[in-house]
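We have chain U; now place chain V onto it with these hints.
Number of protein chains: 2
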Amino acid sequence: MRRCSYEGIICLVVAVATVASVIALVSVSGQETQNSIYVATMPSGYRDWQWVSSHEEGNLNSLAAVLGNDVAIKAYRERTLPFPDGTIIAALHYRHTASEDNNKVFGREQSFVPGSPTNIQFMVKDSKKYAATGGWGFGHFNTDGKTGDEAFMKTCFPCHEKTKATDLVFTR
Amino acid sequence: MRRCSYEGIICLVVAVATVASVIALVSVSGQETQNSIYVATMPSGYRDWQWVSSHEEGNLNSLAAVLGNDVAIKAYRERTLPFPDGTIIAALHYRHTASEDNNKVFGREQSFVPGSPTNIQFMVKDSKKYAATGGWGFGHFNTDGKTGDEAFMKTCFPCHEKTKATDLVFTR
Chain U
51 MRRCSYEGII CLVVAVATVA SVIALVSVSG QETQNSIYVA TMPSGYRDWQ WVSSHEEGNL
111 NSLAAVLGND VAIKAYRERT LPFPDGTIIA ALHYRHTASE DNNKVFGREQ SFVPGSPTNI
171 QFMVKDSKKY AATGGWGFGH FNTDGKTGDE AFMKTCFPCH EKTKATDLVF TR
Chain V
51 MRRCSYEGII CLVVAVATVA SVIALVSVSG QETQNSIYVA TMPSGYRDWQ WVSSHEEGNL
111 NSLAAVLGND VAIKAYRERT LPFPDGTIIA ALHYRHTASE DNNKVFGREQ SFVPGSPTNI
171 QFMVKDSKKY AATGGWGFGH FNTDGKTGDE AFMKTCFPCH EKTKATDLVF TR
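For the record, the sequence lines run as chains U and V. For the first sequence, the residue numbers in our numbering are 51 to 222. For the second sequence, the residue numbers in our numbering are 51 to 222.
Next comes chain U alone, as it looks inside the complex (with noise of 0.2 Å):
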């Protein structure tokens, strides 16, 4: 099996913003440019979506929350694969960091939270825009909201067709 690239592991597991500026974030609305092969815009209201589960990246010090629209919810509730057209699933991802604060009371390096956010990452499935890419478009938005450039967008794919048999989605 061919190992990802580094930037390939970045691509899936790193992340954007504080929580305020993500909050500020997700009231922008905007089009995507046509025929973009990648999320140019970031899609709103993730914030607010449920949660599917978390991961943490041992040597990417990454501690990430994965959220998922409605479609994506029932998609995952019901175990349907391949996941339908308007599935949304985010990626928020942190610094997976040590809390002084709790460690205080347990009176050792016990316990580990999000830190400084990194960005934020989207799956899109479009089955006929993203046919290209197993129809899913791949969205990263790093902490001041700009996108990855096309070199780093390119990584996405390669690694998440490795997971074909849960329609590119690493996460159950």
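Since the list gives no way to pick one copy over another, a pair counts as held whenever it fits inside one copy or between any two copies.
The list that follows gives simulated cross-link-like pairs (lysine-lysine, DSSO-like), each with its CA atoms no further than 30 Å apart:
id : residue 1 : residue 2
1  : LYS212    : LYS179
2  : LYS154    : LYS204
3  : LYS154    : LYS214
4  : LYS179    : LYS124
5  : LYS178    : LYS124
6  : LYS196    : LYS212
These are computed hints drawn from the structure, not numbers from a lab.
Relative to chain U, chain V alone:
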């Protein structure tokens, strides 16, 4: 600073149920035992609540998601302290487990996800009913839906009481 007892930490961070049984359980509603100082009936609908945070507990092999009902989410966003009556915060605890599937793609042990669920804990704010424990009712439900026993439940408050600055709530 006095250390929490081991049970105290467990009370705080360890975990109910498979997702399926959790979903089944939330449909159960009921009346709490009058005058109970602990939360005796699992609040309904919590799996639809919004995500507040996640935390990993190194020594306890635990990965948790903290969800809040609408009152809790509003209070968190507006930084309201103390939390108003009606706030319910849920901590869904799972084993902190290496994802074999993800790690195959990464080519190394990299990705840690929620493993088997262990328990769900709740903090329910009712400043009159739970006046003896800082206005918070503590609830602990194991995978079989059973609550923590009296001795176990007594360990919740002493540890949470150490976070007075944030109204006895660890998660920011």
